[in-house]
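> Here is how the chains run, residue by residue.
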Amino acid sequence: MAETASGNRGLMLEEPLIFELDSPGQCGVDLPEPPPVIDRLGGLERPGPIGLPGLSEPTVVRHYTRLSQKNVGIDSLMYPLGSCTMKHNPRINEKLARLPGLADIHPFQPTSTVQGALELIDLTAHWLKTLTGMPAIAMSPAAGAHGEFCGLMTIRAALEDRGDKRLRVLVPESAHGTNPASAAACGFTVDPIPATARGRVDLAALKAKLGGDVAALMLTNPNTCGLFEDEILEIAEAIHQAGGYFYCDGANYNAIVGRVRVADLGVDVMHINLHKTFSTPHGGGGPGAGPTVLSAALAPFAPLPAVVHDDKGFRLVEHAGHSGAKPCGRLKGYHGQFGVFVRALAYMMSMGADGLRQASSDAVLSANYLLAELSSDLTPSFAGPCMHEALFDDRFLKGSGVTTLDFAKAMIDEGFHPMTMYFPLVVHGALLMEPTETESRDSLDRFIASLRSLAGRARSGDAALFKAAPVFTPRRRLDETAAARTPVLRWRR
Amino acid sequence: MSNTYFTTEHEWIDVDGDIGTVGITDHAQHALGDVVFVELPALGKRVAKATEAAVVESVKAASEVFSPVSGDIVAVNDAIVEQPGLVNEAAETTAWFFKLRLADPAELTGLMDRAAYDEFVKGLE
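If you read the sequences in order, they're chains Z and L.
The working numbering puts the first sequence at residues 646 to 1138.
The working numbering puts the second sequence at residues 15 to 139.
Only chain Z is shown next, with the shape it has when bound in the complex (with noise of 0.2 Å):
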């Protein structure tokens, strides 16, 4: 292809870092003069300019805007990213985020003027102990990994409580990346436990396993393979009779909800992403939240704060005063995300309970859609029925000489955010994809198509295309080799 004097391509505009913008003298705002500073730091203020870039108003429009159009998301194509949940975030969740009663509030006003806030995380507290039929909750942790950082904080000190130096933790292979790296944060040592041939928790290996020492096992259900796992009753029963606690990794709670009660799992903590489950949006930094629901016997040891209300009203509680409880401490400032719950509630009443449960419903049938029909051209890593995403691995690209990092490549040049790569573990050059429940048939149909063209493409020898795949995109193939080993993070002039 002929390149442009420019450097860009049609409207495909090649868009330079605002410092290298700057042109000197040149401002958006006419600022009066400052007044003269009276120097207060004995000499260690600034000497020389702070170098900030010299822009005019449009130009900083103009960037912005460029950059966005630059960005690839949900709101703009199919993004069928395996565990993240990269569903529609309905506009009328953020239609309510944005009322002024809820968005200009702060967490230090008196309570007695943001009831209202205080009743609606009350309520979205309420809604998710009544889905999982879990009897408390602790609103506050503002991630997934921060739910799990939650529930082992409370399960540690639920062992201190009681004179218990339990240390192990264990964790299958199919559970979520992030669990080993929460137990060990939380001063936990972390046992892997094996998968079987079906991709389920090797029930005798975690029993083999089991002892005084071990302080929970951390499941992710369904797991990481997209399968359930059908022997959930018999692994809690066995890590409480061996003493432990059970750790549900609820990350892929949007599979189940309103078809499973977890507190019938016999789970004694599972955190719950906001961001994935109930619509509110992720990616690009969040803010995520990660509510996570308690049993009986962990809930005097939730973190604080939390929302309570008598016949005054609500209230915060703040420190451990009241009867009972002896909290693992406090996770962040304030009282949780609460522009996030809001988002939460007003999709869990707009869905309603017939709606929550219709929408996990639909993420499994796209999922076992995709992988029915992608079935003969792509190798699945287990048997169906899948939950709510569908597992294969490279054997289809056994001999052709394309690797799953060049076929997800080669998806880009299609229009579609590859799926997740490489991982589970448990498989080989695993291609784990997550339609969600948002997809419409025709956006299903167009992806199956496209990866079914691919997949033809690599048995017919054509590896040169997935090679220099990606062709269309503003930037081709990244050095994410050289990226890792001598990162640049700082821009110099």
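Please keep in mind that the hints were generated in silico from the structure rather than gathered at the bench.
Hints are supplied without guarantee of correctness; some may be wrong.
[Said to hold, decoys possible] Here are the simulated EDC-like cross-link-like pairs (lysine to aspartate or glutamate), alpha carbons at most 16 Å apart as the crow flies:
id, chain 1, residue 1, chain 2, residue 2
1, L, LYS113, L, GLU66
2, L, LYS63, Z, ASP836
3, Z, LYS1043, L, GLU139
4, L, LYS63, L, GLU121
5, L, LYS136, L, GLU23
6, L, LYS63, L, ASP28
[To be verified] If you only want the chain Z side, here are some residues facing chain L, beta carbon under 8 Å, derived:
id, residue
7, GLU660
8, LYS810
9, PRO926
10, TYR1067
11, LEU1070
12, THR1126
Ideal Cβ placement from N, Cα and C applies to all residues, glycine included.
Once you've looked at the hints, dock chain L against the given chain Z.
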């Protein structure tokens, strides 16, 4: 008689007297892809057989390196921390991870020799 032994977790140990040199196998570096980060144990640290002694990270995944046997760390290979790419170039020779003083040479029995390891890898294909 070869003094090199292999684990099912794809580490090798080359034994000379009571000192063992440990690294990851060529198969392991190939499966990992481009290695971008290596973390080595502290000198003098006591490691137990089959427990985590080092960490290796590639563009695809982060993995633990398990010590094939128990012992005290007597040397680490700082060159692979500086240049992780050496692990891809010379996994079974100059890109060793650490040396340890064997606590119990009897732990070597049960590890695989080269032929058995090659057979093991073939079974994974």
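> Does each hint fit the structure? Answer for all of them.
We went through each hint and held it up to the structure:
1. L:LYS113 - L:GLU66: At roughly 14 Å apart (the allowed maximum being 16 Å), GLU66 of chain L and LYS113 of chain L satisfy the hint.
2. L:LYS63 - Z:ASP836: Roughly 14 Å separates the two Cα atoms, so the pair holds.
3. Z:LYS1043 - L:GLU139: holds (11 Å)
4. L:LYS63 - L:GLU121: holds (8 Å)
5. L:LYS136 - L:GLU23: holds (14 Å)
6. L:LYS63 - L:ASP28: Holds: LYS63 of chain L and ASP28 of chain L sit about 15 Å apart, inside 16 Å.
7. GLU660: Hint violated; GLU660 of chain Z Cβ to chain L Cβ min 26 Å, cut 8 Å.
8. LYS810: The hint is violated - LYS810 of chain Z has no Cβ within 8 Å of chain L, the shortest such distance being about 19 Å.
9. PRO926: Violated, about 28 Å.
10. TYR1067: TYR1067 of chain Z check passes; min Cβ-Cβ to chain L is 5 Å, inside 8 Å.
11. LEU1070: Because about 6 Å separates LEU1070 of chain Z from the closest Cβ in chain L, which is inside the 8 Å limit, the hint holds.
12. THR1126: holds (4 Å)
Hints 7, 8, 9 from the earlier list are contradicted by this structure; the remaining hints agree with it.
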